[in-house]
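Since chain C is already given, all that's left is putting chain Z on it; use the hints.
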Amino acid sequence: MSSSVALLCLQATEDGRAIAQAIKEDNEGVIITNKPAMIQIEREGRIEVNASTVSEVLGREWDPEELQLVLISLGGQVEEDDEQFVVYWDN
Amino acid sequence: MELNIANIEIEPKRHTFGHIIERFGEDRPASRYEEAMYDAQPTESFHYRPQWEPEFEIYDKNRTQIKMEDWYDLLDPRKFHYMSYVSTRASQNSANEQSFDFVGKRELAQFIQPEHLNKVFEYLTPLRHYEYGANMNNLAIVDRVYGTAMMSACLFHAEDRLGMAQHITKMILLLSNNEVSKLDEGKENWLSSSKWQGLRKAVEDSFIVKDPIRLFVKQNVVFDSFVIPLMVNEFSKELFKENESTVAMLTEFITSWYEETIKWIDNVIQVMAKESDENKELLKTWIEEDISIIEKVMEDLTTFSESKENLILEVKESLLQRLAKSGINL
Numbered sequence: 001m002s003s004s005v006a007l008l009c010l011q012a013t014e015d016g017r018a019i020a021q022a023i024k025e026d027n028e029g030v031i032i033t034n035k036p037a038m039i040q041i042e043r044e045g046r047i048e049v050n051a052s053t054v055s056e057v058l059g060r061e062w063d064p065e066e067l068q069l070v071l072i073s074l075g076g077q078v079e080e081d082d083e084q085f086v087v088y089w090d091n
Numbered sequence: 001m002e003l004n005i006a007n008i009e010i011e012p013k014r015h016t017f018g019h020i021i022e023r024f025g026e027d028r029p030a031s032r033y034e035e036a037m038y039d040a041q042p043t044e045s046f047h048y049r050p051q052w053e054p055e056f057e058i059y060d061k062n063r064t065q066i067k068m069e070d071w072y073d074l075l076d077p078r079k080f081h082y083m084s085y086v087s088t089r090a091s092q093n094s095a096n097e098q099s100f101d102f103v104g105k106r107e108l109a110q111f112i113q114p115e116h117l118n119k120v121f122e123y124l125t126p127l128r129h130y131e132y133g134a135n136m137n138n139l140a141i142v143d144r145v146y147g148t149a150m151m152s153a154c155l156f157h158a159e160d161r162l163g164m165a166q167h168i169t170k171m172i173l174l175l176s177n178n179e180v181s182k183l184d185e186g187k188e189n190w191l192s193s194s195k196w197q198g199l200r201k202a203v204e205d206s207f208i209v210k211d212p213i214r215l216f217v218k219q220n221v222v223f224d225s226f227v228i229p230l231m232v233n234e235f236s237k238e239l240f241k242e243n244e245s246t247v248a249m250l251t252e253f254i255t256s257w258y259e260e261t262i263k264w265i266d267n268v269i270q271v272m273a274k275e276s277d278e279n280k281e282l283l284k285t286w287i288e289e290d291i292s293i294i295e296k297v298m299e300d301l302t303t304f305s306e307s308k309e310n311l312i313l314e315v316k317e318s319l320l321q322r323l324a325k326s327g328i329n330l
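Respectively, the protein sequence lines represent chains C and Z. In this text, residue positions in the first sequence follow our numbering: the first is 1, and each later residue adds one. In this text, residue positions in the second sequence follow our numbering: the first is 1, and each later residue adds one.
Chain C on its own, in the form it takes in the complex (with noise of 0.2 Å):
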């Protein structure tokens, strides 16, 4: 069902595209489609963004609330600490 895919569309940034490749690496079967200047990024039931993993691509420290300067839509619930940024559907 549609409903339950997890959406992120992220602005096609250089620190969009470093997000982007972080979750490809730690969501399996994640489907990550390059926009005109958009990334869209789908995952049945849940998407986890993780700062550890983003740091590391980037080369420097990423707090997840440094998301929110790429994010132009989201689909899901959030769950957010300074570790995690999570988007999923409970239903």
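Please note: incorrect hints may appear among the correct ones.
Said to hold, decoys possible - Short, incomplete list of chain C residues facing chain Z, as computed with Cβ under 10 Å:
id, residue
1, 12
2, 18
3, 21
4, 25
5, 30
6, 32
7, 34
8, 35
9, 39
10, 45
11, 46
12, 56
13, 57
14, 59
15, 60
Unchecked claim - Result set (DSS-like, lysine-lysine): computed pairs, CA atoms no more than 25 Å apart in a straight line:
id, chain 1, residue 1, chain 2, residue 2
16, Z, 263, Z, 241
17, Z, 316, Z, 201
18, C, 35, Z, 13
19, C, 24, Z, 13
20, Z, 67, Z, 274
21, Z, 284, Z, 263
Note that these hints are calculated values from the structure, not bench results. Beta carbons are placed, not taken as given, at the ideal position from N, Cα and C, and that holds for glycine.
Just chain Z now, with coordinates in the frame of chain C:
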């Protein structure tokens, strides 16, 4: 009449350059760093060998004893290409300017006790010449090393070192109320004061090292890991003990720059050591040799502290820890 605005999406024919697709085997949007770095160096069809070193090709892996299967493995974790380098340094510099303005506007320099001020002139001014030497050494590495990944990062590093020399100059001028003679005195100290001669010799000896990675180890890995923490961090801590914080404020730029820089340096060492046991042994020998040189030199230079033996030991210990993390156990 009804107007319909249709929406069509145009798929780009490809997402990145051909050489990147070849390397990664997929057409994904690459970062600017990857696009600028990978395989940017010419590899074939050179007209003739350089007249200044006809035993090598113009770009030649054999200039160093270190062997790498792929010299593009030596990536910069900071992902510096022109744009990211320039914008990072620009924002750091504007933050730094605020501390200089702060000190300048409030005329904090005049509250520093004369004996402390003299200490600053004595121990910091000659470092301009050390930084300039580091600039020349890194440019020599750029000349001779193989692969864009190392070349460009070392070029940025060389520019950083020139910036550090300028930074020290600016600081001395601010603290001396633009007394240019302080800079001349610093040069005089570098040239003839007995405590600086060891470091000067070490730096000048390094100018004739031809193997670019040998030079990288000497200057960026070993010498810097003694000189910068001791002469900048520990020196300003020493003044802190005397309730003198202005100098620490003005040198903060160097301290945070150095923390960032060692991430790159450690990564380079780690990748080289991982490549082969021969590399690891070679690096080990080089590092040991350089530590024995610089350790002795620093004894003459850390005379600002009463516990200089401890300071040197601590700094050496932290270098050994960094190296151990990179897979080199001394």
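For each hint, the structure was consulted:
no. : hint            : in the structure
1   : 12              : holds (7 Å)
2   : 18              : holds (7 Å)
3   : 21              : holds (8 Å)
4   : 25              : violated (13 Å)
5   : 30              : violated (13 Å)
6   : 32              : holds (8 Å)
7   : 34              : holds (6 Å)
8   : 35              : holds (7 Å)
9   : 39              : holds (8 Å)
10  : 45              : violated (24 Å)
11  : 46              : violated (23 Å)
12  : 56              : holds (8 Å)
13  : 57              : holds (9 Å)
14  : 59              : holds (4 Å)
15  : 60              : holds (7 Å)
16  : Z:263 <-> Z:241 : violated (29 Å)
17  : Z:316 <-> Z:201 : holds (20 Å)
18  : C:35 <-> Z:13   : holds (12 Å)
19  : C:24 <-> Z:13   : holds (23 Å)
20  : Z:67 <-> Z:274  : holds (11 Å)
21  : Z:284 <-> Z:263 : holds (19 Å)
Violated hints, listed in ascending order, are 4, 5, 10, 11, 16; each of the other numbered hints is respected by the structure.
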